[in-house]
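A.B. asks: As a plain string of letters, each chain reads:
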Amino acid sequence: MSLDKLESVGIKKLDIRGKLCPMTFVYTKLALEEMNKGEILEVLLDFPAALENIPDSCRRQGLAEVLEIKKIDKNNKVWKMNLRKI
Amino acid sequence: MNLSEQQINRYSRQIVLKEVGGIGQEKLLNSRVTVVGLGALGSPVAYYLAAAGIGNLRIVDYDKVETSNLHRQILHFTKDVDRRKTESANEKLHALNPDCKIEIINQWIMPNTVKNIIKGSDFVIEGSDNFPTKMLINDACVNLKIPFTIAGVLRFHGQLMTVVPEEKTACYRCVFRDIKEAPSGMSCSQAGVIGLVPGMLGCLEANEAIKSILGIGDLIVNKILYVDLLRNSFDFINVYRSENCLACGDKAKDLVKTHDYRGNMVCH
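For the record, the sequence lines run as chains A and B.
So that you can map any letter, position 8 of the first sequence is 8 in the working numbering, and since no number is skipped, the others follow by simple counting.
So that you can map any letter, position 8 of the second sequence is 1008 in the working numbering, and since no number is skipped, the others follow by simple counting.
This is chain A alone, in the form it adopts within the complex (with noise of 0.2 Å):
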């Protein structure tokens, strides 16, 4: 999916740099919840385990699927992660 598409269904963003898992869940939990099936979520985040730990507890919860996860400063280790929820 090219990102103009993206724009078109509404992207929501969440910057929870600075927290830690679990809460990284959580606060991605709680942001999804508030959303329409099929909307995006735009997660910014810099703690390295919750790019395993959100996806994996996303899918067991049936609450999104993950469309990207990406690096977008590596001196500073923040990730963008994009979650369709469903």
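Think about it this way: if two alpha-carbon atoms lie no more than 20 Å apart in a straight line, the pair counts; the simulated DMTMM-like pairs of lysine to aspartate or glutamate are:
1. A:K77 x A:D46
2. B:K1018 x A:E52
3. B:K1027 x A:E33
4. A:K85 x B:E1019
Treat the hints as calculated values from the structure; they're not laboratory data.
On the provided structure of chain A, position chain B as indicated by the hints.
C.D. replies: Okay, now just chain B, sitting in the frame of chain A:
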């Protein structure tokens, strides 16, 4: 979503659960549970419900704390002896979770007061130590269609059942008819009780309230859980709604107004 940063942190291990989430946590915070009796059963019930973030907890008792209560009534401490149980409980519950609004009812549950006391509750937990009170709570909750759970303990044994009047599940009176008093010698003061038995049954009662409010899992309805912690058995005994039950049967009346709840309403 109206949860504060502090609430998100406090309830994070519940919010993480698939069955709860932020939506479930808000349901708990918006709910009202009445706990009848702040003794051995009511102590863990009130403690865990306050901790879980039940927003409104109505606590009912008229007793004062006695030294012989302390081995099992874990809300009360040695310094609380001779204090009202409601006052002692309020202090601990407020210190535990200021989110939880505590309503104190410093009264015995009586036929003329019971409905006012339980009115507006999403769930009622019966944790008294006598049959007339259990029957009164049963009859009033059935009449007002409030789901509730009743537990009882003795020695190393405990039993528990939940009733959902809207779903016409078997009620306490369907099973125990018109029992007014425990058989002679069958009270905690005479027969004794290990403190953790009501502790455990109280935890299960609190769990029933949480499941009912969230609409998750299975309630212990149309069966009685019978626990023997000396022999380590956990058994479910099926029970059935009686069409002739005076409280919930096809020709049921509002028993609270007319029924004779004789027996020892005030039991130690």
